[in-house]
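Participant: Below, each chain spelled out in residue letters.
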Amino acid sequence: EPEVTQTPSHQVTQMGQEVILRCVPISNHLYFYWYRQILGQKVEFLVSFYNNEISEKSEIFDDQFSVERPDGSNFTLKIRSTKLEDSAMYFCASKRQGTTSGRDTQYFGPGTRLTVL
Amino acid sequence: KNEVEQSPQNLTAQEGEFITINCSYSVGISALHWLQQHPGGGIVSLFMLSSGKKKHGRLIATINIQEKHSSLHITASHPRDSAVYICAVRVQGAQKLVFGQGTRLTINP
Chain A
1 EPEVTQTPSH QVTQMGQEVI LRCVPISNHL YFYWYRQILG QKVEFLVSFY NNEISEKSEI
61 FDDQFSVERP DGSNFTLKIR STKLEDSAMY FCASKRQGTT SGRDTQYFGP GTRLTVL
Chain B
1001 KNEVEQSPQN LTAQEGEFIT INCSYSVGIS ALHWLQQHPG GGIVSLFMLS SGKKKHGRLI
1061 ATINIQEKHS SLHITASHPR DSAVYICAVR VQGAQKLVFG QGTRLTINP
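Each protein sequence line maps, in turn, to chains A and B.
Residue 87 in my numbering sits at position 87 of the first sequence, with consecutive numbering throughout.
Residue 1100 in my numbering sits at position 100 of the second sequence, with consecutive numbering throughout.
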């Protein structure tokens, strides 16, 4: 069964460094998402991406964050200058269509645990 | 006030018991999702509902749009059902999901 994959599974970085988190969505999906979950807290929406542009973003997704779909398969989240509070699990998700139907189900990747020291 | 509230926050039960987890929301939605998060952190989608009821194996999910409430039921619970169960709603007119804080379920043998 197709699945969303994410790399790396764990990233440790120093405060102020740039990190790129990578995701490979399911191949025939059209909508892509990044979420984060700070340890012990609920999952939060960061950004959605459709048709090669951001379709929606949260207030968390400030100028330090960017997303890109550089080729037909990868979907990346870049954090330009990491802060301690960026430490979290970052989940990528994808779905086939935007309408409320069986194809509206979002499929989540296994997550990347980012630790900022 | 959180847009999505789950209850209980923690639930411990014995194997075989019938489990109910509740979710209430305060915003207009186009769909509601029930998700399962295992200790390693991975998230699996269980159900997506916009009305009525869905069943998959021992899991049943219901939604009452008028009352803005959904329930997830597990029949004949098993220790492997132990996980965090998360309710998330797709806000009407938007793409994003808004998540509840999760219900930590522990099933003891």
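Hints in this document: simulated from the structure, not taken from any laboratory.
We treat Cβ as the ideally placed atom computed from N, Cα and C, and that holds for glycine.
Careful: at least some of the hints might be erroneous.
What the hints assert, rightly or not - Stretches of chain A that chain B covers, calculated by requiring three or more beta carbons in the stretch to come under 8 Å of a beta carbon on chain B:
no., region
1, 14-20
2, 65-71
3, 76-88
To be verified - List of simulated lysine-lysine pairs, PhoX-like, C-alpha gap at most 25 Å:
no., chain 1, residue 1, chain 2, residue 2
4, B, K1054, A, K78
5, B, K1068, A, K42
6, B, K1068, B, K1054
7, B, K1096, B, K1053
8, B, K1053, A, K57
9, B, K1096, B, K1054
10, B, K1053, A, K83
What the hints assert, rightly or not - From chain B, some residues computed to sit far from chain A (all C-beta separations above 12 Å):
no., residue
11, T1012
12, E1017
13, A1076
Participant: All hints, please: hold or fail.
Facilitator: Taking the hints in turn, this is what the structure says about them:
1. 14-20: violated (count 0)
2. 65-71: violated (count 0)
3. 76-88: Coverage by chain B is violated here, the residue count being 0 at a Cβ distance below 8 Å.
4. B:K1054 - A:K78: Judged against 25 Å, a Cα distance of about 38 Å means the pair is violated.
5. B:K1068 - A:K42: Holds, at roughly 20 Å.
6. B:K1068 - B:K1054: At roughly 17 Å apart (the allowed maximum being 25 Å), B:K1054 and B:K1068 satisfy the hint.
7. B:K1096 - B:K1053: holds (23 Å)
8. B:K1053 - A:K57: violated (31 Å)
9. B:K1096 - B:K1054: Satisfied, since the Cα-Cα distance of roughly 22 Å is no more than 25 Å.
10. B:K1053 - A:K83: violated (43 Å)
11. T1012: holds (19 Å)
12. E1017: Its Cβ never comes within 12 Å of chain A, the nearest being 26 Å, so this holds.
13. A1076: holds (25 Å)
In summary, the numbered hints that this structure violates are 1, 2, 3, 4, 8 and 10.
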